[in-house]
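These protein sequence lines map, in sequence, to chains R and P.
For what it's worth, the numbering used here labels the leading residue of the first sequence as 1, then goes sequentially.
For what it's worth, the numbering used here labels the leading residue of the second sequence as 1, then goes sequentially.
By construction, these hints were calculated from the structure, which means they are not laboratory data.
A couple of the hints might just be wrong.
[What the hints assert, rightly or not] Subject to a maximum C-alpha distance of 25 Å in a straight line, what follows is the list of computed PhoX-like cross-link-like pairs (lysine-lysine):
1. P/LYS323 <-> R/LYS101
2. R/LYS294 <-> P/LYS42
3. R/LYS250 <-> P/LYS279
4. P/LYS32 <-> R/LYS94
5. R/LYS129 <-> P/LYS32
6. R/LYS218 <-> P/LYS398
7. R/LYS250 <-> P/LYS232
8. R/LYS348 <-> P/LYS323
9. P/LYS279 <-> R/LYS247
10. R/LYS292 <-> R/LYS348
11. R/LYS101 <-> P/LYS279
12. R/LYS418 <-> P/LYS323
13. P/LYS279 <-> R/LYS218
14. P/LYS63 <-> R/LYS292
15. R/LYS282 <-> P/LYS323
Spelled out, the chains give:
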Amino acid sequence: MISAFFIYNQKGEVLISRLYRQDLKRSIADIFRIQVISNTDVRSPIITLGSTSFFHVRHENLYIVALTKWNANAALIFEFCYRVINVGRSYFGKLDEDAVKANFVVIYELLDEVLDFGYPQNSDPDTLKMYITTESVKSERAIMEDSARITIQATGATSWRRSDVKYRKNEAFIDVIESVNLLLSVQGNVLRADVAGQIMMRAYLSGTPECKFGLNDKVLLEKDPSNRKRSSNTVEIDDCQFHQCVKLGKFDSDRTISFIPPDGEFELMRYRTSDNINLPFKVHPVVTEIGKSKIEYRVLVKANFSSKLNANNVVLNIPTPLNTAGVTCSASAGKAKYVPGENSIVWKIPRFQGQSEYMLTAEANLTAMTHKKAWSRPPISMDFQVLMFTSSGLLVRFLKVFEKSNYQSVKWVRYMTKAGNYQIRF
Amino acid sequence: MIINTYNKTGENAELLADLNSEYRDRRKDAVKRVIANMTVGKDVSSLFPHVVKNMQTEDLEMKKLVYLYLMNYAKSNPDLVILAVNTFVKDTDHVNPLIRALAIRTMGCIRVDKILDHLCEPLRKCLEDDDPYVRKTAAICVAKLWDLDQERALENGFVTILQGLVSDSNPMVVANAVTALAEMQESSETKDIFVVNVAIMNKMLAALNECTEWGQIAILTSLAEYRPLDSKEAESICERVMPRLQHANGSVVLSAIKVLMILLRYINNDEFVKGLIRKMSPPLVTLLSSAPEVQYVSLRNINLILQKRPDILQNDVRVFFCKYNDPPYVKREKLEIIIKLCNDKNIEQILSELKEYASEVDVDFVRKAVRAIGRCAIKIDEASERCVNVLLDLINTKVNYVVQEAIIVIKDIFRKYPKRYEAIIPTLCQNLDSLDEPEAKGSLIWIIGEYAERIDNADELIENFLETFLEENSRVQLQLLTATVKLFLKKPSQSEEIVHRVLQTATEEIDNPDTRDRAFVYWRLLSTNPQAAKAVVLSEKPPISVETNTVSPALMDELINNISTLASVYHKPPTAFMGNKAYSADAVKKAAAAE
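Pulled out of the complex, with its shape left as it was, chain R reads as follows:
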């Protein structure tokens, strides 16, 4: 359990302090400032001094800090810190020093609610917003609504949904967002390639709808012999996690995803696959060091997806040595520019059609250096977004909505693949 919770700014000033246990005093806040904030060499997010352990997470210009005197659940404390950040973002748009200072009263109210005696309670922003309001999100509902109903919802089996939701038009939007992680070795071998996927849902559905959701999940489809033929289009999911609304027991027994969704936007599921990944971009860098004063770059990028599709906001970050004096570069598409502050050439291609390829040639001039340490050659990293494409090949097969009143609902599905950690060594 958590004995105390603090929020500091970058200078180490306490913005929020809340003690949950009597086993420590407020002056403990100074110890964290001295030992962590003003220490330049902090090598762990957990520090134990005496018998007090400090857990910290950095967010924007803040330190979110939880303290305990116990052998507490460390994973829980960090997850909780991130949940606080999440709640803060949901309430104030952004959780930074200004937001904390401007809303400290609400933050105290929230901290009183999400932790009791150091044990996390309900930390779901949608539920909290029903009864803890700020000037900016003053919901009339909260004042009018019978508070007894709030309490039932805050503690109930479907604590994430009110029962009286009504929409004229019942709609559900599904976004499949995949982040491709790639690590390519100097020789051009794939060291690791995997996809971290996220299925976001925006549900605007009346009443208490029961949803069933289907993917081209290999394990599920191969169980059914009639689907055998199509099994070439299936995806093997290594692992997945679900929003708390999904009935995990059901998924475990027959791999169906059924749930009663929260109202509005939420992350329905996260998944991970590492099998048969379609890498949207191939990068071939040739980097030659010519003597001690010059480096030549030739970087070829090829889009590996259908020519009907387009990638947007493609950015390549090509590192240059620290002692670079200047770079001349020319690209066959987009704009390339040397950014001294980042020690890299930044090549931006706003629109990249499928199957096309572009080339960057650059020459970096180096100044003489006295020490002889070789350049560490950090990897080239890449950023992009490709719409209507999934690297894993994942598809949404269906979303069925069942509700007492039997209304019709409209469903929309979008796909997007973006770069996660897309790194190419050279």
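Given the coordinates of chain R, work out where chain P should sit on it, guided by the hints.
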């Protein structure tokens, strides 16, 4: 509203006036300013009666602010707290359940005897409240009361009521009752407050599916205390816990892993065990895509689990490869796991990865990577040659700290595979001048001494080091001493003069007793019985092995019981870092009062 963090003179006086203002807005604003001052650590306890006056209000926000103030300053104004008691008691009867809960929650946080006297009746009512939100808050309040006064909690029957709440119809009430009982059990003397038996376990499993993520953790934590009667029962609990591995919250996953790891001890069905281990791998890998801090905790736990169950994650070494921008603490832990997972099939891949790390910027990480290469060589016989070649490549980079680290691990490789890689000694000796760290220097000196007969200019090399003998670190001095004696025993003709000089210097000019005494021992050995000296100094050394398992079996079981907690992060038993609770400030005070 503007927070004024710069105290003007007389701000308290101004606040005092505003707190007593006839306008509600102004009073509320004043209370907010009081709280702001409290946050930055200024003492506003003198305003106590004036703040408390504002407690009786229908404005929920205002009420919460006053409560917050009370929790902070009640202890310093115990006599004045009585002013607040009436409002508290009235609030626990309020029609609004949120206010009832708020009142009982706050009362429990005010650790003043006067409040305690008035707490018991409202608490009893709240525990039996119709509203689950009030009940779940009251459940935690019992733990607060217990923390202050165990006897009072027992006398009033709260413990029994709480035990009853484990069967409540609302999952969150169950979770909080379990949380409170578990904490009370830990601090109770009789240890009979909360013993997880079959009935309780079944109730908890039923609530597990429906409660919030945090409630699930509470239940899983208590479930870990249950000892199944037989293998069958353990299997069926596993089946019901397994779906939790799919939860989006990493701490729920780790808590489920803990329960499964504990239950594994009771299962004798090999098929089932295999299946379970297989099912546990993907969620563990997925934990690596969470926030870096959660990753860190997960990696420390994976490290433990791997020591207990080396068959897990065997094909997943790639996911532990470091990303360039991972924080250093994550990289360090990933490296440890890579070494643990290293085998003759994936060594090629791992070596090229480690070589990559050795060219990074973070000096500490680079050193660890170089050392890891050596550890792989010692772990996998077939791969040792490839590892040595990689190390030689690294030595050729001439990067000072890489060279030194490489020499240190090469010494270990020599100890593991004596006489196999002598050919590289000349390359090592070329880097003599760049060594400035005692450990690296000592390592190279050890190698020279050990292989003196194969190195033509061994005496020159030793001589070279001896020039600065007196200024060296004691570790280097000891190595030099031994190496010189070895040299003398192997090539007496060349080095008689050197050994004489070294022993003389060491015995006469060095104050460090270790070095001096070792010199005396050698001197006496050499002068009385050179044959015995040979037997002692040149004796066969036992080959070393890598200690990839850093945790002893006894400690291991305790740590598995503590998966996901701080103990599992430190790989130490809780008592090692928690200090002794019996000597905490409160306990000492209580003990003094009892006398």
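Going down the list of hints, with the structure as the test:
1. P/LYS323 <-> R/LYS101: violated (35 Å)
2. R/LYS294 <-> P/LYS42: Not OK: R/LYS294 and P/LYS42 at ~60 Å, beyond 25 Å, violated.
3. R/LYS250 <-> P/LYS279: Within the cut-off at roughly 16 Å; holds.
4. P/LYS32 <-> R/LYS94: holds (22 Å)
5. R/LYS129 <-> P/LYS32: holds (21 Å)
6. R/LYS218 <-> P/LYS398: violated (51 Å)
7. R/LYS250 <-> P/LYS232: holds (22 Å)
8. R/LYS348 <-> P/LYS323: Roughly 23 Å between the alpha carbons, so the hint for R/LYS348 and P/LYS323 holds.
9. P/LYS279 <-> R/LYS247: holds (18 Å)
10. R/LYS292 <-> R/LYS348: Violated, at roughly 28 Å.
11. R/LYS101 <-> P/LYS279: With Cα atoms ~46 Å apart, R/LYS101 and P/LYS279 exceed 25 Å; violated.
12. R/LYS418 <-> P/LYS323: holds (17 Å)
13. P/LYS279 <-> R/LYS218: Distance of about 17 Å is within 25 Å: holds.
14. P/LYS63 <-> R/LYS292: At roughly 71 Å apart (the allowed maximum being 25 Å), R/LYS292 and P/LYS63 break the hint.
15. R/LYS282 <-> P/LYS323: It holds: about 19 Å lies between the C-alpha atoms, which stays within 25 Å.
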